[in-house]
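A.B. asks: Chains A and B, in that order, give the protein sequences. Counting from 1, one number per residue, gives the positions in the first sequence under the UniProt record's numbering. Counting from 1, one number per residue, gives the positions in the second sequence under the UniProt record's numbering.
Read the hints as simulated data drawn from the structure, not as lab findings. All figures in this text were calculated on a predicted structure; none of them were measured in a lab. Hints are supplied without guarantee of correctness; some may be wrong.
Stated by the list, open to error - Using C-beta positions, here's what the derived DEER-type ranges look like: (1) A:N223 x B:P46: 25 to 35 Å; (2) B:P141 x A:S167: 21 to 31 Å; (3) A:R226 x B:A30: 56 to 66 Å.
Cβ coordinates follow ideal geometry from the N, Cα and C atoms, glycine included.
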Amino acid sequence: MMLSRLVRPSKSAISQLGTVSVVQGSQLPANSLCVVRCITSGTKAQAPFKEGPERDLVNFPRPKQLINPSPVRLGVFPDSWFTFFYNKTGVTGPYAFGGGLLTYLLSKEIWVLEHEFWGGVSFFIMIIYAVKKFGPQTSAYLEKEIQNDLDEMNAGKINEIEGYTKSIENEKKSQFQAEGQKMLFEVKRENIALQLEAVYRERLMEVYRSVKNRLDYQLEKTNAERNVQQKHMVNWIVSNVKKAITTESEQENIKKCIGDLKALAARA
Amino acid sequence: MAARRIASSAINWTALAERVPEGQKPFFLALKAKSDNYLRRVMANPEVAPKLDFAAYKAKIAVPGLVDSFQKQYEAIKVPYPADKLTPDVNAQEKQAEQDIKAFIAESQTRIQKYQAEIAKWDDILPFEDMTLEDLKDMFPERALDPLNNPTFWPHDAEEQLDYKRPDQPAH
Numbered sequence: 001m002m003l004s005r006l007v008r009p010s011k012s013a014i015s016q017l018g019t020v021s022v023v024q025g026s027q028l029p030a031n032s033l034c035v036v037r038c039i040t041s042g043t044k045a046q047a048p049f050k051e052g053p054e055r056d057l058v059n060f061p062r063p064k065q066l067i068n069p070s071p072v073r074l075g076v077f078p079d080s081w082f083t084f085f086y087n088k089t090g091v092t093g094p095y096a097f098g099g100g101l102l103t104y105l106l107s108k109e110i111w112v113l114e115h116e117f118w119g120g121v122s123f124f125i126m127i128i129y130a131v132k133k134f135g136p137q138t139s140a141y142l143e144k145e146i147q148n149d150l151d152e153m154n155a156g157k158i159n160e161i162e163g164y165t166k167s168i169e170n171e172k173k174s175q176f177q178a179e180g181q182k183m184l185f186e187v188k189r190e191n192i193a194l195q196l197e198a199v200y201r202e203r204l205m206e207v208y209r210s211v212k213n214r215l216d217y218q219l220e221k222t223n224a225e226r227n228v229q230q231k232h233m234v235n236w237i238v239s240n241v242k243k244a245i246t247t248e249s250e251q252e253n254i255k256k257c258i259g260d261l262k263a264l265a266a267r268a
Numbered sequence: 001m002a003a004r005r006i007a008s009s010a011i012n013w014t015a016l017a018e019r020v021p022e023g024q025k026p027f028f029l030a031l032k033a034k035s036d037n038y039l040r041r042v043m044a045n046p047e048v049a050p051k052l053d054f055a056a057y058k059a060k061i062a063v064p065g066l067v068d069s070f071q072k073q074y075e076a077i078k079v080p081y082p083a084d085k086l087t088p089d090v091n092a093q094e095k096q097a098e099q100d101i102k103a104f105i106a107e108s109q110t111r112i113q114k115y116q117a118e119i120a121k122w123d124d125i126l127p128f129e130d131m132t133l134e135d136l137k138d139m140f141p142e143r144a145l146d147p148l149n150n151p152t153f154w155p156h157d158a159e160e161q162l163d164y165k166r167p168d169q170p171a172h
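Could you put the whole structure together from the sequences, leaning on the hints where they help?
C.D. replies: Written as structure tokens, this is what we have:
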């Protein structure tokens, strides 16, 4: 699992580690080596873990798996070596020491560069090439596998927490809904009042309608009686008048009419 | 006459609808329909009966004293408001329901506390990615390997053990 981290540490992770190590190194110079080693994971924010009351975290900090390798300078040398020198000799110290040591070893022929060494150099160049060429893909693939592993491990935990959170929400909702029952009784009382009111209004209308019906009946009756009486009176008058007309009076009438007509004609 | 005359519904139905659980929606709709029906029944008739024009009737109706007696009786009549016998029942129901609600909420609170304790339990457990096998044994004794008391074959799952029987295979 750690192979991918060795092959290609991501730049951001390194820069993070670098800054943290400088900060922590300035605070705890004596312990800086350990600090760089101890700075680990923590790309994701996690809930703080509560240690037992007897745990001595100062002297025995909880070991953590290193997610990315310690930062290096010049491609191979651990940054912690340079930090170690920095307090004694400043920035150029480690380089001067390294160069001096190399010069000493070579000039005294303690380190003899025979032909095997140059074979090693070409072999090393090939290794660098292979790492640069295939490192990124391998790293990406292995990162994915690690992430899958982590997800699988945490799935149960996350599910459980989510499930309980949802249950709490549901409980709160059902409490809210249970309190809604109080409104239900308002509705019930109002329904009763509405029905009573409806019945009352119906009764009022019933009284009104029956009185009005009776009055209307009386009115119609009076009207009908009047109609009948009028008709009867007219019939009676007409029949009496007809009875009064005799042949003489009719002829007199006609004569009178002719006389009127003549008078009219003379005037015209 | 009634102590309380009602002319329109004062219920906030939308607020009530929000509080109705999914399973009880049909009941709620039925209640709403009933209530609307009652309201419609109230609205069908005017609040006060319309006035009768006795003067006009008197002018037209010939029978002497008839309209006067009608008017006297009509004005004398008092329509009784129907007695309300059910509100006490509803009040009693409400009291009962309030107790039930209180009990339910108390139960619900204890359940919530239980769930919160279950969530808080994970605060005391180291993140899995930071655990060592010893930590796992401390926190989940039943899931960790126990090679001394209960050694198992790699990869330590049930299928690879000697006493494993496939569920679809009959015992022989």
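A.B. asks: Against each hint, give a clear statement of whether it holds in the structure.
C.D. replies: Here's how the hints hold up against the structure:
Between N223 of chain A and P46 of chain B the C-beta distance comes to about 28 Å, which sits within the given range of 25 to 35 Å. For P141 of chain B paired with S167 of chain A, a C-beta distance near 27 Å keeps the hint of 21 to 31 Å intact. For R226 of chain A paired with A30 of chain B, a C-beta distance near 57 Å keeps the hint of 56 to 66 Å intact.
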